[in-house]
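Student: What follows is each chain in one-letter form.
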Amino acid sequence: MVTIIEFMSAGHQACDNQFALAEQAAYASGWRQAEAEFNAFREDISCHFHREEDLLFPALLTAGGPNGPVNVMKMEHAQMSSLLDKMATLVANKDAKGYSGLSETLLILMQQHNLKEEQILYPIAESLLASDWDALHSRMLAM
Amino acid sequence: MKLISLSTEQAPAISVPLRFFAVAPVFLLLTAATLAISPGNPFAHIHTPALIAATHLVTLGFITMIMLGALQQILPVMIGSSLPAPRLLPWLIQIPLIAGTLLLASGFMLGKPVLLNTAWPVLGLAFSVFISAALFSLIRSTAKNSSKTAIILSICALTGTVTLGLLLTHGYSTGLSLNYTSLATAHTSLALGGWVMLLIAGVSYQVVPMFQLTPPYAKWLTLSFAPVIFVTLLIKLTLLMSDMPPRWAELVTENLFWLFAILFSITTLILQHQRKRRIPDATLTFFRIGMISLLGVALLSLASQTDSHVETVKIMVALLFILGFAMSLILGMLYKIVPFLIWFHLFRGGSFHTVPNMKEIIPEPWIWRHLRLHVCTLLVALLAPYWMVAAWLLMLSLLLQGIFLGYTLYSAISIYRNTLYRLEQT
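Taken in sequence, the protein lines are chains A and B.
In this text, residue positions in the first sequence follow the numbering used here: the first is 1, and each later residue adds one.
In this text, residue positions in the second sequence follow the numbering used here: the first is 1, and each later residue adds one.
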């Protein structure tokens, strides 16, 4: 059975892969492909945010997990979502320079966020949610 | 358990790292000027006053200045523990560091004991404040990772470097009878092999995968690299201080040290080759040049082990380490960190739509131009010990790099100030 850290970190890696494909497409390919790759990336990351905000974080808080770090993570999700909204506009406007600047910015924001989750929050979740993980995992897969 | 965060509670004010970064280019100008006023080719002999002065201007005024500024930003983010007294501390570190570096360099250049005797307590103050604050923060942190170990060992190496540096400076200025050659070798090894290389490694474990989406470093390497390097440095120190060190022990220590440096540089290059991010990126090229330079330094050092009296090779190795390895990596990281920090602080305080993105804060073509200038610097640095024209070109290119970096950083800071002002008005 996959652990919380393994499953959630794999989610980050999948988003990273799709991020790189979208960035590469916006740099070198036509806008049709860039739009498709960007939309796939946006879907992946939204799904990951929902898994955390709708399932993992509430379960963590119910199990006595720390409130502050969860709020910081949710605030950073909101920051990334607003960057993604702006990037969607730039893709629609075929603005390669603007997209490249925001993509660079999003990458660092996203990576430092992932690092905090993988090194701090997921280990806390793993220690507090061992007995609930089976059920949570099935619900996450269904999303 | 504390959450590692870039939140206001833990990260210092943006002015803290930026003021360290903004001063550093001035020391590149001073380095170039110091070399230029020296008679003859300053790179031809290792003990020319101009070369010793210039080495300290670049290692203390540029490299260490930026590393200390970056560490105050990185420690809270990477290990979740900030430095104490965030308002007072940066001043207590930076002002004596600037003053001490200037006194030390002028003391070497002019051969004035009084300047050297004033320099060492001033530098001692800067470093004792930084080292105690950083160790306090690191010990308090609950995070457990290889970066933290590498940073702790790097700061321990800095403590040794500074202690030996102060002893040497005090000795020079008062005429104490010391084994200067051995102490100076130990001082240089701890400074470059310990403080600089271990800190770069500790930070690389995190930022290489983060910036280019590479696979992570192998666990065995991150677990063993910093401890092995640190232990070999300690053994080297012991051997240097003993009267008749066994030759085999010296060879084993040296080989082990350089073998691990090669492993670190090759691993980094392989990871970067496996990156998911395939778009051209000047900061990646800076990083790769740094790692290739480290590889070159290691191979040259291994090849010249049996013929350690070739002075010009030693100078070339030192230039390749300081300018090729340390400076390339520092520039690569600066061009990522500065625009992100500025964007992050503006974004936090204002409307998203009016905040410039990272590539508007430092335009990408500028970074490529600086990269080309840096490559020219390295090419002439390799010839400088042998050819006066190359020595002059090296001084000129260091001067141009100082001007270029200074202009880029001041432009970025001015964008920050103007945007902040605009946000406050609306």
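I should point out that these hints are in silico values taken from the structure, not numbers from a laboratory.
Beta carbons: idealized from backbone N, C-alpha and C, even for Gly.
Just so you know, not all the hints are guaranteed correct.
Taking lysine to aspartate or glutamate pairs in the EDC-like style, the calculated list, with each CA pair at most 16 Å apart, reads [said to hold, decoys possible]:
hint, chain 1, residue 1, chain 2, residue 2
1, A, K97, B, E254
2, A, K97, B, E364
3, B, K314, B, E254
4, A, K74, A, D95
5, B, K359, A, E43
6, A, K97, B, D281
7, A, K74, A, E35
8, B, K144, A, D95
9, A, K94, A, E35
Covered by chain A, according to a simulated footprint, are these stretches of chain B (three or more residues, beta-carbon under 8 Å) [stated by the list, open to error]:
hint, segment
10, 35-43
11, 210-224
12, 270-278
Student: Which hints, by number, does the structure contradict?
Tutor: Hints 1, 4, 5, 7, 8, 10 are the ones this structure does not satisfy, whereas the remaining hints hold.
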